[in-house]
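Q: The sequence shown maps to residues 17 to 339 in the working numbering.
For the record, the hints were derived by calculation from the structure and aren't laboratory data. Using N, Cα and C, we set each Cβ at its ideal position, and we do this for glycine too. Some hints could be false.
[To be verified] 20 Å max Cα-Cα, derived SDA-like pairs, lysine to any residue:
| hint | residue 1 | residue 2 |
| --- | --- | --- |
| 1 | 144 | 225 |
| 2 | 266 | 284 |
| 3 | 160 | 56 |
| 4 | 203 | 160 |
| 5 | 167 | 119 |
| 6 | 167 | 89 |
[Said to hold, decoys possible] With beta-carbon atoms standing in for the labels, derived distance ranges:
| hint | residue 1 | residue 2 | range |
| --- | --- | --- | --- |
| 7 | 288 | 227 | 35 to 45 Å |
| 8 | 187 | 289 | 21 to 31 Å |
| 9 | 219 | 51 | 55 to 65 Å |
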Amino acid sequence: MTSDRKSPPFPTKEAVLDFIEQSPVAVGKREIARAFNLRGNDKIPLKQLLKELKNDGHFGREARQKKNNIEGRLPPVQVVEITRIDSDGELIAVPAAWEEEHAAPMIYVLPDRKSKFDLVVGDRVLAKLKRLDNKSYQGIPIRKLEAAQLKILGIYHITEEGGLVHPVDKKAKKDFILNPEYAKDAKQGELVLCEIRKGRSRKGLKEVRVVETLGAIDNPRALSLVAIHERNIPNVFPQEVQEEAAAAQKTELGNRTDLRDLPLVTIDGADARDFDDAVWAEADPDNEDGWKVIVAIADVAHYVRSSSPLDNEAQTRGNSTYF
17 MTSDRKSPPF
27 PTKEAVLDFI
37 EQSPVAVGKR
47 EIARAFNLRG
57 NDKIPLKQLL
67 KELKNDGHFG
77 REARQKKNNI
87 EGRLPPVQVV
97 EITRIDSDGE
107 LIAVPAAWEE
117 EHAAPMIYVL
127 PDRKSKFDLV
137 VGDRVLAKLK
147 RLDNKSYQGI
157 PIRKLEAAQL
167 KILGIYHITE
177 EGGLVHPVDK
187 KAKKDFILNP
197 EYAKDAKQGE
207 LVLCEIRKGR
217 SRKGLKEVRV
227 VETLGAIDNP
237 RALSLVAIHE
247 RNIPNVFPQE
257 VQEEAAAAQK
267 TELGNRTDLR
277 DLPLVTIDGA
287 DARDFDDAVW
297 AEADPDNEDG
307 WKVIVAIADV
317 AHYVRSSSPL
327 DNEAQTRGNS
337 TYF
């Protein structure tokens, strides 16, 4: 019996180049094959096509500048800072954490009619970004970041006059004064999260107080927090999201099969933040040299309602960050 299924048309060089250039992340042969639904023997001419593109100068040193431009695209969700209002009254923003040598791309922030907040110059918002061209983006506000979320992360140094906090942010030009009464239990050389004390300054340096002591700078958690702070990665959940999570109730089993008696083994390591994948296997008595295998994957969609605060927050955190 022959199959009526037709093979998809093989992509042109232009189509492959368009896919590579429009992808927000680096792609390889596997991703290209999946995008164009190429299987089996179709991958052989794809390999030849990519080789020809490389020989034509689309990859390698000849295309390094172009490749850098592609890789330099902003992520789909990012913290941005409103820097000015143009002559047409539009809000103009830039990425809040921008360390490149070239100028930051311009972000046109659209007014959100449904939002309950107004934006002014100096505000920071979490926004969904849509690329307009090589130098500009359109930004749709998701959530305004409160001033309390913009704290100082630094290393505590004890001095004869009290103490100083040296920011981990390389762009920060000055240290901050930390009086012992506001240092909590921080020790010399530890990483501390501080907030600026309003209206307090001495010797041209602002005073801060410790909000949280994070321990030695070389421990894994501290290193992650430094990266989070430098890149403005959202790591604080809004109050309404926390309340919804705390109020979650057990759901009925329904027509689902109860596998809780199986000795499932988690795939995630002991230091994982969640355990949502597991496996179980045993020899199959009805199949010589065969095995029965069960792979368990958490079905989060079964517990989180669509368009709820928890679901909306998950949408903004859809891109995992690995350190």
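Q: Let me make sure I understand: some of the numbered hints might not hold for this structure. Which ones are they, in numerical order?
A: Hint check: 1, 2, 3, 4, 5, 6 and 7 fail, others pass.
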